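S.K.: Chain residues, written in single-letter form:
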Amino acid sequence: MDFSSINPILLLASLMVMATPLLLAATGELVVEKAGVLNLGVEGMMITGAICGFAIAVNTGSPILGLFAAAAGGAALSLLFAILTQFALANQVASGLSLTLFGLGLSALIGQGYQGIKPPPFPRLEIPLLSDIPVLGPILFRHDIVVYFGIALVVAVWWVLKNTRAGLVLRAVGENHDAAHALGYKVVRIRILAIMFGGACAGLGGAYISLIRVPQWTEGMTAGIGWIALALVVFASWKPWRVMLGAYLFGGVTVIQLNLQAAGVAIPVEYLAMSPYLITILVLVIMSADKSSAPASLGRSFHASQ
Amino acid sequence: MLKLEKRPQPSRMWTYLTPLVAVLLTMLAGAALFAFLGKDPILSIRTIFWEPLFSEFAFYYRPQLLVKGAPLVLIAIGLSLGFKAGIWNIGAEGQYIIGALCGAGVALAFYPLEAWFIFPLMVLAGALGGWAWAMIPALLKVRFGTNEILVSLMLVYVAEQLLASMSLGLLKNPEGFGFPGSRNLQQYPSAHNAELIAGTSMHWGVVAAFIAVILTYILLNRHILGFHIRLTGESPKAARFAGVNPARLILFCLGTAGALAGMAGLFEVSGPSGQVSIDFNVGYGFTAIIVAFLGRLHPVGILLAGALMALTYIGGEIAQSKLGLPAAAIQVFQGMLLFFLLAVDVTTNYRIRWTKREVA
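Chains as they are written, first to last, in our numbering: chain Y, 1 to 306; chain C, 1001 to 1360.
Hints listed in this document are in silico derivations from the structure and should not be mistaken for laboratory results.
Remember, it's a predicted structure, so these values are computed and weren't measured experimentally.
Mixed in with the good hints, there may be bad ones.
[Said to hold, decoys possible] No farther apart than 25 Å at their CA atoms in a straight line, the calculated lysine-lysine pairs in the DSS-like style are these:
{"no.": "1", "chain 1": "C", "residue 1": "LYS1084", "chain 2": "C", "residue 2": "LYS1237"}
{"no.": "2", "chain 1": "C", "residue 1": "LYS1237", "chain 2": "Y", "residue 2": "LYS186"}
{"no.": "3", "chain 1": "C", "residue 1": "LYS1237", "chain 2": "C", "residue 2": "LYS1322"}
{"no.": "4", "chain 1": "Y", "residue 1": "LYS118", "chain 2": "Y", "residue 2": "LYS186"}
{"no.": "5", "chain 1": "Y", "residue 1": "LYS162", "chain 2": "Y", "residue 2": "LYS186"}
{"no.": "6", "chain 1": "C", "residue 1": "LYS1003", "chain 2": "Y", "residue 2": "LYS186"}
With the sequences and hints as input, model every part of the structure.
M.R.: Right, here's the structure in full:
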């Protein structure tokens, strides 16, 4: 065992990278759930975004275009979920599951020719002056732009939900769709937009894994991150700031676990690899006591005739 | 514009018709997908649905239906109980793995003893293993109100890691020249889940699947517990007034699903697959979710849906080797089936009408 090989600065820096896909996907799902919709298809949308982004980045040579394609791919897949749940009034749990099963298959199909290819490198943004600060510089200010985008997204979502009319309407739709409908808000339209926003965020999160974090394409590479993102929303009690906290917590667990594997701790690799999932369960148990902050209409179908 | 009008009662006709319509739509969409991939669409669909049953090699493929269908039906039957009551166990894949590990563990502990009681003991261990794995989300839900969807799903990843650790460590074949994977149970007569009638591929898992279908049918239609399950699904409030104990129901539904999935895993590891290996699980636990819905959560429906899904597995393999259709295309095809089913299902509860746009 060799703990000296673990560099705490690198550890914290890679924590930020590790947390970003979770942060993006969970923030998107938070908005969806705030609108009263439970989309269990996050994993499927992430993996679809991962391959869409990868394929476009490889073919055009532009990783930025890849990110846009990933967001578009995730949003397109989420539109299927929107059609099922908002127009066909299908059960949201079943529809979300079908989205994940379908997305895993679709991504494997698209990704056939892309295994073992390296995507074009993503430029790293070294913020002048700030990145030269000792310790803090490498941890906080030498990342790619998506890391900062993720943080900005959380701030934006928090601000919009709290301080704008649009945020208020979205929350109203999620708390009581019948009342929102009676007030003249277009419940279905608002929910579809929220679902597509969630899909785009999940797709972006997936592409971050395949284009920047790994960077490579392998089948099923999201390995449950989409599901952890769903758990994170519960952990965060539907509050954007706590989503950020949770994402860094999970990023930290994953990074430490990987570092311990590399350092050759006496615990077998498989048991270390289990830890993020076990900790997710533990966190769910601790946080489940308080359900008061869940949107009241979460998971219920809306039909204007009722 | 299209308008949905709620039916006073779910349409009986559409309850039976929707799975058929969904299968037909999936065939159409699948044909389009295969055409897009540059394969002959009609030939592909024919290869998947016709070849395994009626071609000259059908004598080889038909028994395979039982091999693939049995675990799907066994798992889906268990899942359907929970789905009916609004209890979402989506971690059957994990329960399947743990069942296989426990059952194989018992067999390997007795190796090389030959005795009649080993196989029954393995079945028991498999069922207990799956049951225990499902009890984790069940107890957490009952005690702490934890979401069973997320917990059961997380446990799939944990089980997969456990499987890897077991096939590389504790259960590894000591005479396996260092290769990962356990001893082959097919070469251990007391533990082998062999064919019951030569040439049919009928093994104990198939028998168990049929028994499960029959018992579940009786449970749902003739027993108060079955009534409580249906009641809870249709109206949780009414169920509470009727004195249904939700905690007991959660434990029962998740436990049964886990035990059945565990048994399915055991029958697979001691029969068709033969050994514990890293890639032992092939996603039956997830495909069974589609089977349960396609069968309308009805035991007999699940039997038919399981057979159909097994057909797509076998036909998919033929299409893979004969037409070069990618394996993922079959996965997409199965995913589409659930999509179309959920979409068409709206006709069961709603009437679709063309109306002129209303003046607000």
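S.K.: Would you mind marking each hint as holding or not holding in the structure?
M.R.: Verification of the hints:
no., hint, verdict
1, C:LYS1084 / C:LYS1237, "holds, 15 Å"
2, C:LYS1237 / Y:LYS186, "violated, 29 Å"
3, C:LYS1237 / C:LYS1322, "violated, 54 Å"
4, Y:LYS118 / Y:LYS186, "violated, 45 Å"
5, Y:LYS162 / Y:LYS186, "holds, 20 Å"
6, C:LYS1003 / Y:LYS186, "holds, 16 Å"
Hints 2, 3 and 4, counting from the list given before, are not met by this structure.
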